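So the chains spell out like this:
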Amino acid sequence: MGEMEQLRKEAESLKDQITAARKAVADATLPDTVSSTAVVGRVQLKTRKTLRGHLAKIYAMHWATDAKLCVSASQDGKLIVWDTLTTNKVNAIPLKSSWVMTCAYAPSGNMVACGGLDNMCSIYNLKGKDGNVKVMRELAAHTGYLSCCRFLSDSEIITSSGDCTCLLWDIETGTQKTTFAGHLGDCMSLAVPGDFKTFVSGACDFTAKLWDIRDSNCTHTFSGHESDVNAIAFFPNGNAVITGSDDATCKLFDLRSDQELITYQDSSIMCGVTSIAPSLSGRLILAGYDDFNVNIWDSLKAERVGVLAGHDNRVSCIGVSTDGMACCTGSWDSFLPSFSFKGQDNVMRLCKQNKQQYL
Amino acid sequence: MSSNSNLPSMRRLVEQLRLEASVERIKVSQAAAELQQYCLLNATKDALLVGVPTGSNPFREPRSCSLL
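Residue numbers (the UniProt record's numbering), protein chains in the order written: chain D, 1 to 359; chain V, 1 to 68.
Simulated from the structure, these hints should not be mistaken for lab results.
The structure presented is a predicted model; accordingly, all values stated were derived computationally and were not measured.
The beta-carbon is built from N, C-alpha and C at its ideal position, and this holds for glycine as well.
It is possible that some hints are incorrect.
Stated by the list, open to error - So the derived list for chain V, only partly shown, Cβ under 7 angstroms to chain D, looks like this: (1) E20; (2) A21; (3) V23; (4) R25; (5) I26; (6) A31; (7) A32; (8) Y38; (9) L48; (10) L49; (11) P58; (12) F59.
So here's chain D without its partners, still in its complex pose (with noise of 0.2 angstroms):
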């Protein structure tokens, strides 16, 4: 026998024992586990401030640790620092390039970074001596679109490519110091839990998988999805992931049990899953769809309690704010006043500005 024919059956055989592997644990189901627990009551969230500014789609946005502000990246080619509170811009940044599609905010709130078409992340120091804010590296290795990226801290951020790998970049010195290959198709997403540990990452080859970022190897796989994995987010206490995907489902995946407990889909819902945020407990899953409605799933009982809906509600970007208080979403409208919502005094904000089809 060849060592192609080999490695082929040893392969198989691999599949076979982790399948089987999964199976053995699964002793339980989660909708068994919470068969007693009522679903969740009707959600309905209000508006209650409008961030206006931007020029074109709004692609990105990313809460800052502080809650209270956020970066927004927008194809009108800025990044804008809002003061969600006051709604006043705290930055607007000229971007090199303006097909950006990602953007995050460190933790520290030193820095903010974005990419897109251009294949590079860019960060900019938000602190520096003088007030203003300039570019202060530009990561290129990437040989594909940046879909996404995340700090790990001032010194350390991970990025995810249309070229099918995740980079750990050294900001200070600007280059790579780890690559995550595996993934067969491109990098849509990924997400970091609070340790910085891992990180999880969603492809076009319709899998979900967990890194190891010190020993950059891939320790789990997610399969499941029947279409390209678009949004990828933690569940709060780090034992789970959800995501979101152009097979118009969500999934959770529980990482220690090493498989999917549930999926998020109704018949009514035929388009994509673009992206998903958790709420601060878990309960509540935010997603955004292709049809720009967002929908607000009980994620215990798999059930849809409420939509952040009106025609011309737009969504192409959702983001819960670290202490669970407010859902910011990035979306494109024209010229509407706000939207209200009627019902309980729950909190969700809007970033709106000019409509423009786009891609």
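Position chain V against the provided structure of chain D, taking the given hints into account.
Chain V in isolation, oriented as in the chain D frame:
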């Protein structure tokens, strides 16, 4: 998804599968119970879930008071 048909790729795939096959797995009953527990324990702190008292909502515009 099929992997590349060349030898180095195949060797990497097998190595990767060996690693993934070797991870420790806990029972789903434990994992699911802990997820549920986390949700329930933190529910009262989850503003999007339970709302906040009107006075303590930092995003809500303060109502003006009129002295009559």
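Original post:
Is the interface hint for Y38/V satisfied, with its Cβ closer than 7 angstroms to some Cβ of chain D?
Top reply: holds, 5 angstroms
**OP:** Would you settle whether the hint for R25/V is holds or violated, based on the nearest Cβ-Cβ distance to chain D being less than 7 angstroms?
**Re:** holds, 5 angstroms
Original post:
Once the shortest beta carbon distance from V23/V to chain D is found, is it less than 7 angstroms?
Top reply: Holds: closest Cβ of chain D sits about 6 angstroms from V23/V, inside 7 angstroms.
**OP:** Answer holds if the nearest beta-carbon of chain D is closer than 7 angstroms to that of P58/V; otherwise answer violated.
**Re:** Holds, because the Cβ-Cβ distance from P58/V to chain D comes to roughly 6 angstroms (cut-off 7 angstroms).
Original post:
Was the hint right that A31/V lines chain D, CB cutoff 7 angstroms?
Top reply: Since the shortest Cβ distance to chain D is 4 angstroms, the answer is holds.
Original post:
Any CB of chain D closer than 7 angstroms to the CB of E20/V?
Top reply: holds, 6 angstroms
Original post:
Under the criterion of a CB-CB separation shorter than 7 angstroms, is I26/V in contact with chain D as hinted?
Top reply: I26/V check passes; min Cβ-Cβ to chain D is 4 angstroms, inside 7 angstroms.
**OP:** Hold the hint about A32/V up to the distance rule: shortest CB distance to chain D must be less than 7 angstroms.
**Re:** Holds: closest Cβ of chain D sits about 4 angstroms from A32/V, inside 7 angstroms.
Subject >> Interface restraint verdict for F59/V against chain D (beta-carbon cut-off 7 angstroms) >> reply: With a closest approach of 4 angstroms, the F59/V hint holds.
Subject >> Satisfaction of the L48/V interface hint, Cβ to chain D closer than 7 angstroms >> reply: holds, 4 angstroms
Original post:
Any CB of chain D closer than 7 angstroms to the CB of L49/V?
Top reply: Given a least distance of 6 angstroms, the restraint on L49/V holds.
**OP:** Please verify that hint: A21/V, Cβ, nearest Cβ of chain D, below 7 angstroms or not.
**Re:** holds, 5 angstroms
Of the numbered hints given earlier, the model fails none.
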